[in-house]
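There are 4 protein chains.
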Amino acid sequence: MSKIKVGVAGYGVIGQRLADGVARQGDMELVGVADLAPTLSIRALKEKGMPYDLYLVDGADKSQFDAVGIPVSGTFEELIDKVDIMLDSSPGGVGAKNKELYVKHNKKAIFQGGEKNSVADVFFHGYANYEKGIGQNYLKLTSCNTTGLIRSVDCLDRAYGIEKVAITIIRRVADPGDYHRGLTNALQMDKAPSHQAVDLMTIMPHIEATGILVHTPVTHGHIITVVAKGKQKITKQMALDAFLTHDRIRVVTIDEGFKGNASFFRYARDLGNPRGDMYEIGLWADSIVESGDDIMYAINIPQESVTIPETMDGIRAACNMETDRLKAVAETNKYLGLGKWK
Amino acid sequence: MSKIKVGVAGYGVIGQRLADGVARQGDMELVGVADLAPTLSIRALKEKGMPYDLYLVDGADKSQFDAVGIPVSGTFEELIDKVDIMLDSSPGGVGAKNKELYVKHNKKAIFQGGEKNSVADVFFHGYANYEKGIGQNYLKLTSCNTTGLIRSVDCLDRAYGIEKVAITIIRRVADPGDYHRGLTNALQMDKAPSHQAVDLMTIMPHIEATGILVHTPVTHGHIITVVAKGKQKITKQMALDAFLTHDRIRVVTIDEGFKGNASFFRYARDLGNPRGDMYEIGLWADSIVESGDDIMYAINIPQESVTIPETMDGIRAACNMETDRLKAVAETNKYLGLGKWK
Amino acid sequence: MSKIKVGVAGYGVIGQRLADGVARQGDMELVGVADLAPTLSIRALKEKGMPYDLYLVDGADKSQFDAVGIPVSGTFEELIDKVDIMLDSSPGGVGAKNKELYVKHNKKAIFQGGEKNSVADVFFHGYANYEKGIGQNYLKLTSCNTTGLIRSVDCLDRAYGIEKVAITIIRRVADPGDYHRGLTNALQMDKAPSHQAVDLMTIMPHIEATGILVHTPVTHGHIITVVAKGKQKITKQMALDAFLTHDRIRVVTIDEGFKGNASFFRYARDLGNPRGDMYEIGLWADSIVESGDDIMYAINIPQESVTIPETMDGIRAACNMETDRLKAVAETNKYLGLGKWK
Amino acid sequence: MSKIKVGVAGYGVIGQRLADGVARQGDMELVGVADLAPTLSIRALKEKGMPYDLYLVDGADKSQFDAVGIPVSGTFEELIDKVDIMLDSSPGGVGAKNKELYVKHNKKAIFQGGEKNSVADVFFHGYANYEKGIGQNYLKLTSCNTTGLIRSVDCLDRAYGIEKVAITIIRRVADPGDYHRGLTNALQMDKAPSHQAVDLMTIMPHIEATGILVHTPVTHGHIITVVAKGKQKITKQMALDAFLTHDRIRVVTIDEGFKGNASFFRYARDLGNPRGDMYEIGLWADSIVESGDDIMYAINIPQESVTIPETMDGIRAACNMETDRLKAVAETNKYLGLGKWK
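Residue numbers (this note's numbering), protein chains in the order written: chain L, 2 to 343; chain S, 2 to 343; chain D, 2 to 343; chain U, 2 to 343.
Bear in mind the hints are in silico, worked out from the structure with no lab data behind them.
Where a beta carbon is used, it is the ideal one built from N, C-alpha and C, also for glycine.
Don't take every hint at face value.
Under the rule of at most 27 Å between Cα atoms (straight-line distance), these lysine-lysine pairs were calculated in the DSS-like manner [to be verified]: (1) S:LYS98 <-> S:LYS117; (2) U:LYS47 <-> L:LYS335; (3) D:LYS133 <-> D:LYS98; (4) D:LYS232 <-> U:LYS237; (5) L:LYS49 <-> L:LYS6; (6) U:LYS100 <-> U:LYS6; (7) L:LYS232 <-> L:LYS133; (8) D:LYS6 <-> D:LYS49; (9) D:LYS49 <-> S:LYS343; (10) S:LYS192 <-> U:LYS47; (11) D:LYS83 <-> D:LYS6; (12) L:LYS133 <-> L:LYS98; (13) D:LYS234 <-> U:LYS232; (14) D:LYS234 <-> U:LYS192; (15) D:LYS341 <-> S:LYS63; (16) L:LYS335 <-> U:LYS49; (17) U:LYS47 <-> U:LYS63; (18) U:LYS165 <-> D:LYS165; (19) D:LYS343 <-> S:LYS49; (20) U:LYS234 <-> D:LYS232; (21) S:LYS165 <-> L:LYS234; (22) L:LYS335 <-> L:LYS133; (23) U:LYS108 <-> U:LYS83; (24) U:LYS133 <-> U:LYS117; (25) S:LYS165 <-> L:LYS165.
Okay, the calculated bits of chain L under chain U, using three or more residues with CB under 8 Å as the criterion [as the list claims (entries may be wrong)]: (26) 44 to 55; (27) 267 to 275.
Could you build all of it, start to finish, from the sequences and the hints given here?
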């Protein structure tokens, strides 16, 4: 079988990681990436010797790229023309505009969480509703928090049945290197319920969800606490047993040295993971407590990279590469090395 | 009736505020404060013209105070001798040692949250278990988070009955001006359950409580989210109605400008409150959401000053100044100006 | 002599402090303050019982104020009409527009550092060029960093003569309570030379100045290091002797407990200063070092309040209240309690 | 020629990077690393499949390693026995104790900046005093700030002659993932002069240096501003010309996107550098300004990795691998890929 050809629109925080993720899939081929300006990420691409071909979106000034010696392989539409599917990680709102080109060229696309749901046919999560994405033309991925949250809730739900969740999202407010947004010595409230709880209900309509989100001035990973009500009483041991089987959930303890979100970042750097990224969410075994009949636990969401595996799942679904949910996610996990730590 | 004479041991973040709080009570007299070294707070006391007399605890080097012209009124035991009751806000563990002196001089005392429960006869909260403190010799106050949390839970409990709470504490890691502790670009987990949940159960044994605590690198106020299960279904409106009656809960909205913990700090400064302190907890009306039969909401805890009112309540209880719970807290509220904003 | 009547445009971080500063001057009268919307600061004004009358600028929606019971005393032009001089602390750029009204009503005005120099006849600093402001209609104050910096450089210059300074500004990026700007785990460079060095040369044209500014994610006070070349060799002791005479420079040491910018904030809170403000800059005696023939030292700039004294000086100059520089600043210092700590 | 055999004591932030650095040198062989406990870094080593052999220092509890399946290759003394030279990055003070073992086994060693100078025969910097290290048994590297600072000062000194420098160090207070130290919303002063200025004078005794250090609550890179007095007037262009020739100085601009220390971290991650590390210091071309006859500029110091190249230089010197300074540093640069970006 020939490899599925993939392009990436927007070579920023997410786009770079999508490109790297595709390049690691043995059954996919990264055709190229598209962007607007010679950002630091594009300059780094050049310094690395252009492992990925670069195409310019409409509005880009090619002379800016020429001035610093960055080779350009063509236009955005030329890239679209060469691929089977586009991964769109443009800034919020731009994806909807790009969609017109994907439609014009009759190409599939997967949008990231910043776009409105209406941009896509299906709001998608690899583990929770893989089947809905099969053969579809336009998928939208859940956002980073929702992607990680659903991994854990879906895990418990498939094992024991979940009726209701109440979440508290302790959100990192910027990524490392961000200078266009930030918060200094302040916690910031969002109006409740948080969109992540609402999004969870869209993906998993049989679960009632609500939540409160608080922004915090850090850059390495969100932490979410979850209070979940099972269809049956879920004990701490039952929850732990389920989480330990999941290839995208890394169960850790504080005693091992995982003291918080920054420990995961350090650990991923020490592992030699490119960019110090981690695809899996972290789950603290020593955070799991029973609250009457409910179960409560805390997870860590590596916001820059957590959606990459589910996006690879999305390619598998949209392009009919695999119709079995578990086989599809296992294929992604194999290529990304997920679950190897166990 | 003559005024109750009060002394304060430890003129740090809490001790200063205890002294100020006592000085505002029309039925109490602040005799003096005791400390060990000419800290910035003691230097500020001197620059203000010594509104409070200073006594030196054992181990203090009087020559250090003489060198910078800070007048000393006597020894710690001399202070104890002059008072009816001591408020002990010494560093954790020192209070237990100080207790020997209080016992020797046959004086009552109230310890702050840093001491072990065993230091006291009663673990005390003005609103939740005032009656238990009446006439007792040694009380221990709940810590800042627990004090604020219990205000809100007790408020709902007395209105509608509460069975169970699951809390997420987003903890500020240091006070403004702290250089001896800190956290930089990291969230830090504590092992669950948090002590605040355990402490709540000690004060309110009819409620089941658990929780997870995450430290965040900010200095202005903890934020706690609470998922509470009522004996009956508590709607958002019912919760709001109850909270609005409470003189130590300030109900606000994000739209008014209360965007997070730092907004409360700014507002208290703008109010002209000494030190920019706030005695009341904040409660976001637009954080209240129903989670199935449970109710969820978020509160702000001004960690430096929140325990002051309940400590004043404790003096009223221990010294038999008032036997009626509601009259006692109302007396404290009157002198501290609490509830006036309504 | 009747009191000079003063109004304040823009009741934000600076405006509130200008109003408080004027209210403390025995020879001035605060007529009122003007603003656009019922911000937290305006709500706090109301909760305090409206110590200052409020006027609404053009574009304000009075119904918003009525809705929350904030009394309004009139329009911006009505305020202008009642005063001798306006202090304009509107957001950057708005002051230039307001000036048209001041001109129309034939009233003097002092603008804060956010406006362009062209808005005013004189770029003003109370200590460095008081004489230039005498009788002028429109003054512009130096910004917070420049105001504090010039205090220290002017102090050395008048004592020993200064030829050249090279400064490094370690800038706090936001004020406590700011949610509209921030920086998270990052230092940020500005292009050199910093505007503060350029501004210093405008005020003190006989000195050559340059500098580099780095933004840091903190809220309590800028720190500036200064490398100054004297007309003669200035020893550490000579510098210290000069600084100790200045009523707007508080000389401290690390050993006393002044460990950094946050220590000043804590100390001012402990002093009971309204809002925890400090008018004086801090200067670390143990930061003064000789660098060959140059002298190097570090100062702390309390950004929210440092320009208040020099603005009061400006009123004295513009309104011909005092023609002697030293008498003028002494008058301001007396009313603000500056130098009392010595 | 057989490869020089190298061991690393202390597999922490620096030790890991030393091991990686040695592994990249074509003329060196990494024999193994030694540590005390199964830290996160050691656990990551295991998860990576033990690319480096692990030895246990005295006091280590082997059963802790066995319990988590980490293979141990022997004792610390067994490691020492197998190598030609040890790189000691143990916690401060431990290196001095380890030295007894190095002496006992008659092996050379290079200590990191945390040790006292007396531990070594020579205080070493690859570019500034390479010749002094040739054939010596015990070298001590300059600390991260001093290493980077000297690169830039030595660069100017060799080109034009430098007489004097005054530095301001804006220090990152912790590394990513550190939970044992931190600072929250505060800048912290050190007493002047900073040790880095003193250390510079030890390495370059013909230059007079002083400086002030301020700690800031960030984790990605120190920024230093330097005011340097040349033997001749050094213009901005002359400084730039010199810096551009240096293989361990990366000259950048704000306009390219290098807005601050976090930009370098992001760029290094985007480059795919292991751990997102950068060996070179950054130098902002648009920070260079002339200050009278002096020159002023700002540099970025990637604290975790900046000393690795100079340590490799140190091995070359101590082990007599190369006697020519420029050939030695060029060899290190070649293996580490330094200067390739030009």
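Kindly indicate which numbered hints from before are broken by the structure, ordering the numbers from low to high.
Going through the list in order, the structure violates no hint and respects every one.
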